[in-house]
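Chains as they are written, first to last, in our numbering: chain A, 1 to 122; chain B, 1001 to 1381.
Accuracy of the hints is not assured; some may be wrong.
Derived, one-sided and incomplete: chain A residues facing chain B with beta-carbon distance under 10 Å [to be verified]: (1) V16; (2) G17; (3) L19; (4) D35; (5) C60; (6) S72; (7) S78; (8) G94; (9) L96.
Only pairs whose alpha carbons sit at most 27 Å apart, straight line, appear in this in silico DSSO-like list of lysine-lysine [stated by the list, open to error]: (10) A/K108 / A/K5; (11) B/K1204 / B/K1256; (12) A/K5 / B/K1136; (13) B/K1252 / B/K1182; (14) B/K1262 / B/K1182; (15) A/K75 / B/K1182; (16) A/K77 / A/K45; (17) A/K5 / B/K1369; (18) B/K1310 / A/K99; (19) B/K1136 / B/K1153.
Derived from the structure by calculation, the hints contain no laboratory data. Glycine included, C-beta positions come from ideal geometry on N, C-alpha and C.
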Amino acid sequence: MYSDKIIAHFTAPRNVGSLDDFDVEFELGNPACDDRVQVQLKLSKDGKTVEDIRYKAYGCATSLATASIFSSCIKEKSLDEIRGFREKYPELLGELEPKQMHCLDILKELFDKTLNLNQHVL
Amino acid sequence: MYFDNAATTPVLAEILEEAEAYLLGFANPSSKYNIGQSVKDKINQVRADVALLIGASNPENIIFTSGATESNNTAIKGFYEKWSELNHHYITTSVEHPSVLKTIENLATRGKIKATYLPPATVCDLEELNFQIAKKKATFLSVMMVNNETGQKFPIQEIGEMAAQHNCFFHVDATQGISKVKVNVEDLNIDALTFSGHKIFAPKGAGVLYLKDTLSIEPLLHGGGQERGLRCGTENVFAILAMGVAVRYILKYEDKINQHYKACKDYFISMLNQYNIPFHLNEKDAVNSILSIRFPFIKGDALMEFLDFKHNIMISTGSACGSNKKSNDNKTVLGAMGFSESEIRKTVRISFGVHTKMKDIKLLVLGIKNVFSLYGQYEYS
Chain A
1 MYSDKIIAHF
11 TAPRNVGSLD
21 DFDVEFELGN
31 PACDDRVQVQ
41 LKLSKDGKTV
51 EDIRYKAYGC
61 ATSLATASIF
71 SSCIKEKSLD
81 EIRGFREKYP
91 ELLGELEPKQ
101 MHCLDILKEL
111 FDKTLNLNQH
121 VL
Chain B
1001 MYFDNAATTP
1011 VLAEILEEAE
1021 AYLLGFANPS
1031 SKYNIGQSVK
1041 DKINQVRADV
1051 ALLIGASNPE
1061 NIIFTSGATE
1071 SNNTAIKGFY
1081 EKWSELNHHY
1091 ITTSVEHPSV
1101 LKTIENLATR
1111 GKIKATYLPP
1121 ATVCDLEELN
1131 FQIAKKKATF
1141 LSVMMVNNET
1151 GQKFPIQEIG
1161 EMAAQHNCFF
1171 HVDATQGISK
1181 VKVNVEDLNI
1191 DALTFSGHKI
1201 FAPKGAGVLY
1211 LKDTLSIEPL
1221 LHGGGQERGL
1231 RCGTENVFAI
1241 LAMGVAVRYI
1251 LKYEDKINQH
1261 YKACKDYFIS
1271 MLNQYNIPFH
1281 LNEKDAVNSI
1291 LSIRFPFIKG
1301 DALMEFLDFK
1311 HNIMISTGSA
1321 CGSNKKSNDN
1331 KTVLGAMGFS
1341 ESEIRKTVRI
1351 SFGVHTKMKD
1361 IKLLVLGIKN
1371 VFSLYGQYEY
1381 S
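Assemble the whole structure, with the sequences as input and the hints as a guide.
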C-alpha cells in the first residue's frame, strides 16, 4: 500500500504545469515502465536559487507523487539546500514497497539533473 | 461508488429480505423428514428457474456447484475423465477465464490432452475456426460467451453449429453473459454451460453447470450422491436459494436490465465527450455493462488508485480473478487482442450493474476530469 505522504502528493500534486518564463528544461524517465517527468526551472539572476518550478508527469501513482515531492523540495531553495536534500533523497519518499523502489531512481535523477544545471541552461 | 460489477455484484435487496428465512431453514435437503424435503423442493424450484433462464427443457440437467470455477473444472476435467481412452485435443481461446485456461493447461501439461489456445480474432473468424477444429480433430471446444475484461461477445450461435457438425463437445463459460445476453442452450447447441451466482446479484458460494447429457462427464467430487451423483457434498442451500431469487429477478427484468446497462454506457460516454476528456474504447463489439477503456494521460493503475483514494470510486485495471496470479501477467487478454504494452498500461475496466445510478456515473466522470486537470498536461504520445 501507499504511505500517507505518497497519497497526499499523488492526489493533490504541487507545482504541476508549465512556466511562461524559464531558464532550464529537462526530461527524464524509465523506458521500461513508461514513467516520464518533464521539468522547467526558473533560476535567480545569480543562478544559485531555484525560484520556481513546474513539471508535467506521466506514470504510476508513486512516480507522480515523486515528482510532486521533488518540486516541493527544490522550490525557492538555493543549490546548497537542494544538495542537502539530494544527500538524504532515500528518506524523502517515506516507506516504500518493493514495486515502488524504482521511484527512488527517478528522484535521484531529478536531483542530479537539477544540480548539474549547466548542462540544461537554455 | 462501485463500478466493478464484472468482478462481483452487490446482492439484491430481495435476497436480503429472504436471507433470514433461508438461514433458519437449516435442514439438510437429503433428510427424509418434512423440513428436509421442503428445503429440497426449494432447491429444485431454483433448478427449474435456472433451466427456464438458459432455455434447458429438463431441469435435471442443471447441477449446482460452488461457483463457475468449480463448474468449469468439472466440465473440462470431467469430460476427459469420462472419455479418457480418446485422443483428446481441446481448443479454447487465449482470453478465457483462468479457471478454463489453467484447467486445460493442467491436463495438457500432464500429457492427458493436446491443447490449442486461439486468439479471439481467430475464434471469430469462423472459417479459420472450422479449419482448426477439423485439422486438430478437436474433441472439446471451450469459448466464453462474453469476455470478462473487455466485454467482447463471441458468436456462440455460429460456433455451436460448427461444433455440432464436427461432433465436438461445446463448453461455454457464460459467467459474464447471464443477464446481459439472452441464452438458450438448446438453440445454441451447447453441451455444457457454466456460471456463478455472485456475478448475477447473488451472494458468493453457488454456481451452475448445465449438461446437455449428464452422462457426458465423470464427476470430480464423489460422496453422498447429491446432484444426482455429479457433484456430491451437502448443498450450499443459502447460496443456491439466494441465486434463485436473482435468477427470478433476471427472468422478470432482463430487458429492463439491459436497457439500464445501455443507458449507463451512453451516459458515461456522453459525459466524457461533454468534458472533452480523451479516451479510447478497446472493444467496440462489447456488452453494454463492461467497458475496457484507456485514457492517454494516465496509467490505468494510477487512475484506479486516484479514484479510490480521493473519490471513493471503485474501478479495476483488469480481472479480479487474474490479480492473484503469481506472475504479473494479468493483462494477457489485451495482449492477445494485439494491444501494445503502453496501451495495456493505460487500460481500466469500468463495469455497470443494476444498482448503478446516473448521478454516480456523473461523479465518476468528474473524478476522471479531476485526474485529467491534474495530469492531462503531459504531452503523451
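Now the hints, each set against the structure:
Proximity of A/V16 to chain B holds as hinted, the smallest CB-CB distance being about 6 Å (cut-off 10 Å). Contact between A/G17 and chain B, as hinted, is supported at the beta carbon level, the nearest pair being about 6 Å apart and thus within 10 Å. Because the beta carbon of A/L19 sits about 12 Å from the nearest beta carbon in chain B, more than 10 Å, this interface hint is broken. Among the interface hints, the one on A/D35 holds; its C-beta lies about 9 Å from the nearest C-beta in chain B, closer than the 10 Å criterion.
With 10 Å as the threshold, the beta carbon of A/C60 comes within range of chain B, its nearest partner Cβ sitting at about 6 Å, so the hint holds. A distance limit of 10 Å between C-beta atoms decides the matter here; for A/S72 the minimum to chain B is near 15 Å, and the interface restraint is violated. The restraint placing A/S78 at the interface with chain B is violated, with a minimum CB-CB distance near 28 Å, outside the 10 Å limit. Look at A/G94: its Cβ only gets to about 15 Å from chain B, farther than 10 Å, so that hint breaks.
Among the interface hints, the one on A/L96 is violated; its C-beta lies about 15 Å from the nearest C-beta in chain B, farther than the 10 Å criterion. For the given pair, A/K108 sits about 18 Å from A/K5 by alpha-carbon distance, which is consistent with the 27 Å threshold. Between B/K1204 and B/K1256, the direct Cα distance comes to roughly 24 Å. Compliance with the 27 Å bound is thereby established for this hinted pair. Distance restraint check for A/K5 and B/K1136: the Cα-Cα separation of roughly 57 Å exceeds the 27 Å cut-off, and the hinted pair is therefore not satisfied.
Under the criterion of a C-alpha separation no larger than 27 Å, the hint pairing B/K1252 with B/K1182 is consistent with the structure, at around 13 Å. Between B/K1262 and B/K1182 the alpha-carbon distance is near 15 Å, which keeps this suggested pair within the 27 Å criterion. In summary, the hint linking A/K75 to B/K1182 is not supported, as the alpha carbons are separated by about 60 Å, beyond the 27 Å threshold. Simply put, A/K77 and A/K45 have alpha-carbon atoms about 14 Å apart, close enough for the 27 Å limit, and the pair holds.
Using a Cα cut-off of 27 Å, the hinted pair A/K5 and B/K1369 holds, with the two alpha carbons roughly 23 Å apart. A hinted pair counts as satisfied when its Cα atoms are at most 27 Å apart, and B/K1310 with A/K99 qualifies at roughly 22 Å. A C-alpha spacing of about 25 Å is found between B/K1136 and B/K1153, which places the hinted pair at or below 27 Å, so the restraint holds.
The structure fails hints 3, 6, 7, 8, 9, 12 and 15 (numbered hints given earlier, in ascending order).
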